[in-house]
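Undergrad: Starting from the given sequences, assemble the full structure and let the hints guide the process.
Below are the chains, spelled out letter by letter.
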Amino acid sequence: MATSQGAALDRKKLMADPVMVTTIVVLIAFLTLFILYPLAILLVDSFYGEGTVSLDTFRRIMAMPSFLRAITNTLKVGFLVGILSAGIGLLFAYMEVYVRVGGIVGGLFKVVSMLPVVSPPFVLSLSMIMLFGKAGLITRHVLGIYDNNVYGFWGIVIVQTLTFFPVCYMMFKGLLKNIDPSLEEAARDMGASRWGVFASVTLPLLLPGIGNAFLVTFIESIADFANPMIIGGSYDTLATTIYLQITGAYDKQGAAAMAVVLLCITLLMFAVQKYYLESKTAATLTGKASRARMLIEDKSVTIPLTILCSLSALFVILMYICVPIGACFPTWGYKFTPLTFKWFGQVFSKYKGLKAFKDSFVLSLIAAPLTALLSMIISYLVVKRRFKGKGFIEAVSMLAMAVPGTVLGVGYIRGFSGGLFHTGILSGIYGSAAILIIVFVVRSLPTGTRSGISALRQIDKSIEESAYDMGAGSFHVFMTVTLPLIKDSFLSGLVTAFVRSITAISAIILLVTPQFLLITVQINEFAEKGSYSIACAFASILILITYGSVLLMELLMKFFGTSRKIVED
Amino acid sequence: MAKEKKGVRLEHISKIYKDPKTHKDFYAVHDTSLEIEPGSFVTLLGPSGCGKTTTLRMIAGFESPDEGEIYLGGEPINELTPNKRDTAMVFQSYALLPHYNIFDNVAYGLKLRKMDKETIRKKVLDILKLVGLEGMEARMTNQLSGGQQQRVALARALVLEPGVLLFDEPLSNLDAKLRVSMRTEIRRIQQEAGITAIYVTHDQSEAMALSDKIIVMEKGVVAQMGTPQEIYYHPQSEFVADFIGEANFLCGTLVSRDGDRGEMELAGGRISVEGVGTIDQGTPCSLVLRPESAVIAEEGQLPCEVTLSCFMGSYQNYEALVDGKTVKITDFNPKHKRIFEVGEKAFIRFDPNDIHVLAGVAEK
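Just so you know, the sequences run in chain order A and B.
First residue of the first sequence: 1, per the numbering used here; consecutive thereafter.
First residue of the second sequence: 570, per the numbering used here; consecutive thereafter.
It should be emphasised that the hints constitute simulated quantities derived from the structure, not laboratory data.
Note that the Cβ used here is the ideal one computed from N, Cα and C, for glycine as well.
A couple of the hints might just be wrong.
Said to hold, decoys possible - Far from chain B, some chain A residues (derived; all Cβ distances over 12 Å): (1) Arg100; (2) Phe153; (3) Ile265; (4) Met294; (5) Lys299; (6) Leu318; (7) Ile366; (8) Leu420; (9) Gly548.
What the hints assert, rightly or not - Result set (DSBU-like, lysine-lysine): computed pairs, CA atoms no more than 30 Å apart in a straight line: (10) A:Lys12 x B:Lys593; (11) A:Lys461 x B:Lys587; (12) A:Lys388 x B:Lys587; (13) A:Lys384 x B:Lys653; (14) A:Lys388 x B:Lys593; (15) B:Lys593 x A:Lys274; (16) B:Lys894 x B:Lys904; (17) A:Lys487 x B:Lys680; (18) A:Lys487 x B:Lys686; (19) B:Lys653 x A:Lys12; (20) A:Lys384 x B:Lys788; (21) A:Lys461 x A:Lys12; (22) A:Lys280 x B:Lys590; (23) A:Lys384 x B:Lys593; (24) A:Lys274 x B:Lys587; (25) B:Lys590 x A:Lys388; (26) A:Lys350 x A:Lys529; (27) B:Lys788 x B:Lys593.
TA: Here it is, written out as structure tokens:
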């Protein structure tokens, strides 16, 4: 049968739309150049040396005991963090959806889910050291333990778990809300005990979701750079080993090969999570709950759960509060009174704080709208349009989600430091502000795209078709119809991109040149040196900035974001 | 009102889709040729999946035909994008722009045509008056009822004075009463505007009430095209007869013919029929009997046994067995008639003018 005419006509219609064609071409070029190419160059680098293709580099790194140890370390941490985060996340979510959570406890939950979003990635490591380290507030001054060692395996595990479990909590909350209460009521009605219902109905329904949460956390954990860097001590993970291989041993080829290994692990996990578990989760939990759930009021269930969750929540909050407080103590660990702002003063007077904040702020401020717009355009193309190359755009922008920052960083070094394919073309962007902005964009793109896609899927296709039908070109349709309808998603994408950019470290630390001072890099440096008070002062101001921007977003949404209401109507 | 009424011509149009489950190609529309007169109201009627919406979307430009050419006002339009075609569509879901008020929704297309503000304002207000939404231009779309949203969608399409107005099941989201009044309204507005309209629906009464011409589609091909009367009284296939209105099919053999008249052997007897057309003598054929064109009586052409007798107010609803086959009869205004009870032996009586004969044996 001749489908060729239809395809040819579709192509002609597309070509009649120059804005659209240009957008697609530019987009594909951007994704290829800044996501695919850096990864490809890593592969080339690690297989191709001195004119021949060989496995020498891999043999070399595999022979390093430190590298092999890093692999097992990373997997061990990732595994445990994945399990713990999924478990605690499930507990919190179950508590919120099934048990009445009122007043203060509900507030605690909200704060806990919010904190990891607005705080830089290594804040918990800082406070862990300050609270439980050798000179820790709790270990030394409360418990009188003088030689507690927080550095290493358990330090990383605890800190990462506390960082990542809120993500699991939010995932489970969504899933549990989608379970139709009548399923559980039916089981209860047939004689199952409360625990029996949980074990025979709720848990099996959640199983793919639990696997999903575990893998998402696992990927986050093994990609995490900042926490192992600060609290890992001599316990190296893949991300830190790769970093040290570049900055310490100047072995770029070895680092490239290591990055390939790390990338393979995350890609494998990502593939399982994306193509196997995600579809299963959707298959078991499709419908919306038919009506409100009867909350558990049995005191033998509610009291222990409330106590457990509240204590954990309080602990997490304590960890975060420790940072601004720590910045106000005259000398952490030795002198606690009187509270002082001298460290904040020093940030600006002695340590070029103003420049650091300005650089971070400006770069993130440029990256955020670019990211938000780009992810909305990608979502629009993926959801609403048909064209060749759509699959490519979707796949590559999702791929970026599975690429650890460190891997991307090494890829950029190898890919751009000598220009494209080491030919000198485009070498100018290496070390410039442009490459930092591009890294920010690429790192935040997948989150923005995902939220854009789900927002757009809720909008009836014929709304855009009607505008198109009335004579608007696709650019006009996008600007006057699509974008206004996903304003909320755009706005939150904007702020998320900003927050992610200003708190980013893993890729950026490999690419930043002395010409730019970035807050996160500064914090990392001071934490490494043991200047915790200065690190805390930097981090506190950073949290203020990010929290402020999230508040601003909520405010803006309240006044300008009407799109959610429209979509629901 | 329209700048120029345009006709639409489809020449051997086909559209091929891939079945999502079997991954096999199939024809959603197959080798369809149509000619739609300028200024006429034409309905594409058929069950879901018959290709009517696909045909409409090909005319609008959202889908590209895999074979054939579409002409609008004599010009081939295959290569034009929807925004360049002189068509305007009224969508099933209305598809109003939810972030605009009524005025801006209606003005959207006019603004794109670079008209000055005053002209736009005048045109929008005029058209809102025509569809009965005077004074409501500042309302947001979510403050409107379904019927009002429908009117906005119609106004928004009409105001562009398109060569052809396209309707994609526009009334299917409204309740039954509103549907009836809206279709009268649509017909009135189309007549007043004197615009060519192509209307997709699966509701036969809508098609009857609205159309100059009905095109019945089945499995991607045109089953029959004609005025509502032609389609109803002279269905050319069992599918059309069954889809438009209700019909009983009784199988028999044409035993003799004399021009358009003939005799048919049926249920052990012979009955005279009209409109046998080109059916050959001695071949099997089906008698198409509309439930309302026959009555149950003490004497008539076909002996039967009543199996259901139910008072429905305006009519008595019967089912009767004829030669082992159930036949539905609706006897209108039964107040002063003899009512037959279940189990009674009786006859089905009809006027030979009211029946229709199809070649071949019906499956039903």
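Undergrad: Next, verify each hint and record whether it holds.
TA: We went through each hint and held it up to the structure:
1. Arg100: Since the minimum Cβ distance to chain B is about 34 Å, Arg100 of chain A lies beyond 12 Å and the statement holds.
2. Phe153: holds, 49 Å
3. Ile265: Since the minimum Cβ distance to chain B is about 34 Å, Ile265 of chain A lies beyond 12 Å and the statement holds.
4. Met294: holds, 33 Å
5. Lys299: holds, 45 Å
6. Leu318: holds, 44 Å
7. Ile366: For Ile366 of chain A, whose nearest Cβ neighbour in chain B is about 28 Å away, the distance exceeds 12 Å, so it holds.
8. Leu420: holds, 36 Å
9. Gly548: Per Cβ check, Gly548 of chain A is outside 12 Å of chain B; nearest 28 Å; holds.
10. A:Lys12 x B:Lys593: holds, 25 Å
11. A:Lys461 x B:Lys587: Given pair Lys461 of chain A, Lys587 of chain B holds - Cα atoms ~20 Å apart, limit 30 Å.
12. A:Lys388 x B:Lys587: Cα-Cα ~17 Å, so holds.
13. A:Lys384 x B:Lys653: holds, 19 Å
14. A:Lys388 x B:Lys593: holds, 20 Å
15. B:Lys593 x A:Lys274: Distance ~27 Å between Lys593 of chain B and Lys274 of chain A Cα, so the pair holds.
16. B:Lys894 x B:Lys904: holds, 28 Å
17. A:Lys487 x B:Lys680: holds, 23 Å
18. A:Lys487 x B:Lys686: holds, 27 Å
19. B:Lys653 x A:Lys12: Distance ~13 Å between Lys653 of chain B and Lys12 of chain A Cα, so the pair holds.
20. A:Lys384 x B:Lys788: holds, 27 Å
21. A:Lys461 x A:Lys12: holds, 22 Å
22. A:Lys280 x B:Lys590: Distance ~18 Å between Lys280 of chain A and Lys590 of chain B Cα, so the pair holds.
23. A:Lys384 x B:Lys593: OK: Lys384 of chain A and Lys593 of chain B at ~24 Å, within 30 Å.
24. A:Lys274 x B:Lys587: holds, 25 Å
25. B:Lys590 x A:Lys388: Judged against 30 Å, a Cα distance of about 22 Å means the pair holds.
26. A:Lys350 x A:Lys529: holds, 16 Å
27. B:Lys788 x B:Lys593: holds, 16 Å
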